[in-house]
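Colleague: For reference, the chains in residue letters:
Protein chains: 2
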Amino acid sequence: MGAIDDLTTELARLPGIGRKTALRLTYFLLKRTPEESRRLARAIETVVERVRECSRCGNLTESDPCGLCQDQRRDPRIICVVEDPADIGAIERTGEYRGQYHVLGGHLSPLDGVGPDELNIDALLRRLGGSGGGGQVDELIIATNPSVEGEATALYLQKLVRPQGVRVTRLARGLPVGGDLEYADGVTIAEALSGRREL
Amino acid sequence: MGAIDDLTTELARLPGIGRKTALRLTYFLLKRTPEESRRLARAIETVVERVRECSRCGNLTESDPCGLCQDQRRDPRIICVVEDPADIGAIERTGEYRGQYHVLGGHLSPLDGVGPDELNIDALLRRLGGSGGGGQVDELIIATNPSVEGEATALYLQKLVRPQGVRVTRLARGLPVGGDLEYADGVTIAEALSGRREL
Numbered sequence: 001m002g003a004i005d006d007l008t009t010e011l012a013r014l015p016g017i018g019r020k021t022a023l024r025l026t027y028f029l030l031k032r033t034p035e036e037s038r039r040l041a042r043a044i045e046t047v048v049e050r051v052r053e054c055s056r057c058g059n060l061t062e063s064d065p066c067g068l069c070q071d072q073r074r075d076p077r078i079i080c081v082v083e084d085p086a087d088i089g090a091i092e093r094t095g096e097y098r099g100q101y102h103v104l105g106g107h108l109s110p111l112d113g114v115g116p117d118e119l120n121i122d123a124l125l126r127r128l129g130g131s132g133g134g135g136q137v138d139e140l141i142i143a144t145n146p147s148v149e150g151e152a153t154a155l156y157l158q159k160l161v162r163p164q165g166v167r168v169t170r171l172a173r174g175l176p177v178g179g180d181l182e183y184a185d186g187v188t189i190a191e192a193l194s195g196r197r198e199l
Numbered sequence: 001m002g003a004i005d006d007l008t009t010e011l012a013r014l015p016g017i018g019r020k021t022a023l024r025l026t027y028f029l030l031k032r033t034p035e036e037s038r039r040l041a042r043a044i045e046t047v048v049e050r051v052r053e054c055s056r057c058g059n060l061t062e063s064d065p066c067g068l069c070q071d072q073r074r075d076p077r078i079i080c081v082v083e084d085p086a087d088i089g090a091i092e093r094t095g096e097y098r099g100q101y102h103v104l105g106g107h108l109s110p111l112d113g114v115g116p117d118e119l120n121i122d123a124l125l126r127r128l129g130g131s132g133g134g135g136q137v138d139e140l141i142i143a144t145n146p147s148v149e150g151e152a153t154a155l156y157l158q159k160l161v162r163p164q165g166v167r168v169t170r171l172a173r174g175l176p177v178g179g180d181l182e183y184a185d186g187v188t189i190a191e192a193l194s195g196r197r198e199l
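First to last, the sequence lines map onto chains W and X.
All residue numbers for the first sequence refer to the working numbering, where the first residue is 1 and numbers rise by one.
All residue numbers for the second sequence refer to the working numbering, where the first residue is 1 and numbers rise by one.
Quick caveat, the hints were computed from the structure, so don't treat them as lab data.
None of the values given here were measured: they were computed from a predicted structure.
By construction, the Cβ of each residue, glycine as well, lies at the ideal position given by its N, Cα and C atoms.
All clues given are correct.
Computed Cβ-Cβ distance ranges for the label pairs, DEER-style: (1) X:GLU182 <-> W:GLY89: 44 to 52 Å; (2) X:GLY2 <-> W:GLN72: 15 to 23 Å; (3) W:GLY186 <-> X:SER109: 50 to 58 Å; (4) W:GLY89 <-> X:PRO176: 38 to 46 Å; (5) W:ARG93 <-> X:PRO146: 38 to 46 Å; (6) W:GLN72 <-> X:ASP5: 19 to 27 Å; (7) W:ASN120 <-> X:ARG173: 56 to 64 Å; (8) W:THR9 <-> X:GLU182: 37 to 45 Å.
Isolated chain W, as found in the complex (with noise of 0.2 Å):
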């Protein structure tokens, strides 16, 4: 069964997917129509032919420059740093986000050999006026993960970026909405503390 066995290690390599996993899927493949799963493999090749990553924000998209990027309503004093491409879908689906975006395609993480250089953060000086152009960015938004790769990363971008004149903001830690504070861990709860507000 040289097909089946491929198809189920294949799926097996996705994230979250094991090898039992995998071969339930590859059977619930076979059992729809030829039809049905060819499309699952077609989207799949549209997917790694056509989509690139935007060469000024570094988004995942169809078209270079991305949609968000092109968007002349979204204003371009304000970027907002991500890490990665589904961080940016996170915050749109919020509605509450008009201004551009910049995604680092990671975080800091020197054990596992990621330093500024594997980052995408030339080009985000660049978008800040380093080497001559814009200069028209007014606040920088750090929203990397509230990890310590994503907290570190956020303090390296701070100090690079601070020097320009540009106000460099952070997401606010605090407790999770719909959330308990019984079960809320230790630092979350600091983090509230710290950075409560006037009611």
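Based on the hints, put chain X in the right spot on chain W.
Modeller: Positioned in the frame of chain W, the structure of chain X alone reads:
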């Protein structure tokens, strides 16, 4: 982002994969090298192209009859009836069975419109020698799932086959090995009691 949306939609059609997981998989496929992701697409195409049902036992195979049916070392006097091809894998992994198989392709489920005609039962009767051929089968092991539908299917098959003088058996029910009596459900304990064996 048409291509990304399309792939996410296709991935979300897979069982156990919701919209969020599908999006995560899409970004994962984009993060890998194009060649790695294309391998998955090609594996799907290949499986869809090459894998067929074995005309004899209903197992999924690239050669017809399938490897299990062609294997001369397997005992042709015993046929194990399962619901799905995946069940064959589960039994083969035990290494305890050396007979042949027959795949029904599901279980009886009148509410879903699955009657005897929708299952691979005619071919089973032919193998038992109903229409002239064979007649060398001594035992039919019914290994449908231990669910209500699986039981109903087993009962139906038993009534259908017994007049042909074939011995019909069913996989034993009882406590799963490594399980805990305290957490076993009542029906299972009752089955384990009624099926108890001399030490």
